[in-house]
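Anchor point for the sequence shown: position 195 equals 195 in our numbering, and the numbering is continuous, going up by one each time.
Certain hints may be false.
Label-pair ranges, simulated between beta-carbon atoms [said to hold, decoys possible]:
1. Tyr262 x Glu143: 38 to 48 Å
2. Glu15 x Ser77: 17 to 27 Å
3. Leu44 x Glu7: 12 to 22 Å
Worth flagging that the hints you see were computed from the coordinates, not collected in a lab.
In this text the structure is predicted, and so the values were computed from the model without any measurement.
We put the CB at the ideal spot given by N, CA and C, even for glycine.
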Amino acid sequence: MIELTQEELKQHFSEPIFGQIAETADALGLECYVVGGYVRDIFLQRPSKDIDVVVVGSGIAMAEALGKRLGRGAHVSVFKNFGTAQVKYKGTEVEFVGARKESYHRDSRKPIVEDGTLEDDQNRRDFTINALAVCLNKARFGELVDPFGGMEDMTIRTPLDPDITFSDDPLRMMRCIRFATQLNFYIDDDTFESLCRNRERINIISRERIADELNKIILSPVPSKGFIDLERSGLLSLIFPELAALQGVETRNGRSHKDNFYHTLEVLDNISKKTDNLWLRWAAL
1 MIELTQEELK QHFSEPIFGQ IAETADALGL ECYVVGGYVR DIFLQRPSKD IDVVVVGSGI
61 AMAEALGKRL GRGAHVSVFK NFGTAQVKYK GTEVEFVGAR KESYHRDSRK PIVEDGTLED
121 DQNRRDFTIN ALAVCLNKAR FGELVDPFGG MEDMTIRTPL DPDITFSDDP LRMMRCIRFA
181 TQLNFYIDDD TFESLCRNRE RINIISRERI ADELNKIILS PVPSKGFIDL ERSGLLSLIF
241 PELAALQGVE TRNGRSHKDN FYHTLEVLDN ISKKTDNLWL RWAAL
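Please build the complete structure, drawing on both the sequences and the hints.
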């Protein structure tokens with residue numbers, strides 16, 4: 001990750017939409033922050049289009065007020081069941097949500113949601129690199145809020161106890177390995193041990209959500225990294241047993257055959273150097 005001063009960081013929020021959000025937040029007397037992937041990708045020097053804004057208060061009220069300020073050309077969509085809203089304006093999409101804290105029942109990854117502070121909202125994030133926030137209010141515009149040292153990380157780790165993070169929402173185990181693969185980061189040792197301990201929890205996740213994360217791993221620059229981590233953690237045998245079953249060296253008539261698991265991953269990496277086509281990469285597997 002690159003280091004940026006507050007003045008340098010401000011330059012990444014120079015587009016007019018951020019100024020409009022700031023003015024709207026100040027007019028409503030609400031704290032307002034850009035959070036998550038958009039902020040993370042600034043420091044990773046990666047392009048990002050997903051702008052997520054956390055409001056300490058009502059994200060829906062904030063989005064509606066912004067829509068009125070922007071006037072014609074702004075389209076506001078409200079999702080009351082989720083407490084979120086989206087504003088589309090001149091090709092830019094911004095998602096608004098009120099800061100919240102979450103708790104979970106063991107048999108579901110759907111949280112019980114309550115209003116919360118920015119700290120509560122950062123605590124509920126999956127990984128420290130996704131808990132970075134930048135204030136948009138005029139008095140603190142461009143100020144980075146990084147309570148977990150995500151800026152210092154070249155590792156994937158959770159803001160709070162990983163056993164709680166992964167048990168609450170087991171899809172985060174897949175996301176952990178996916179982010180490590182995409183960003184070429186290491187997974188923190190305590191976090192990886194928690195993956196191993198909680199792997200059986202993946203069984204409450206739908207196959208569609210698992211497949212979506214697998215696709216993102218396969219589309220990574222070196223997808224073998226992700227599949228090796230899935231195998232090491234014990235997740236692979238639960239979500240893709242056919243691939244896990246390739247592992248091992250068979251000896252017949254005194255001759256040993258190559259390990260088909262690692263050979264297959266080598267084929268996958270080789271084709272990935274040539275094409276970004278998801279289905280050609282799947283064909284390699």
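Right, here's what the structure says about each hint:
no.	hint	verdict
1	Tyr262 x Glu143: 38 to 48 Å	holds (47 Å)
2	Glu15 x Ser77: 17 to 27 Å	holds (21 Å)
3	Leu44 x Glu7: 12 to 22 Å	holds (20 Å)
Checked against the numbered hints given earlier, this structure breaks none of them.
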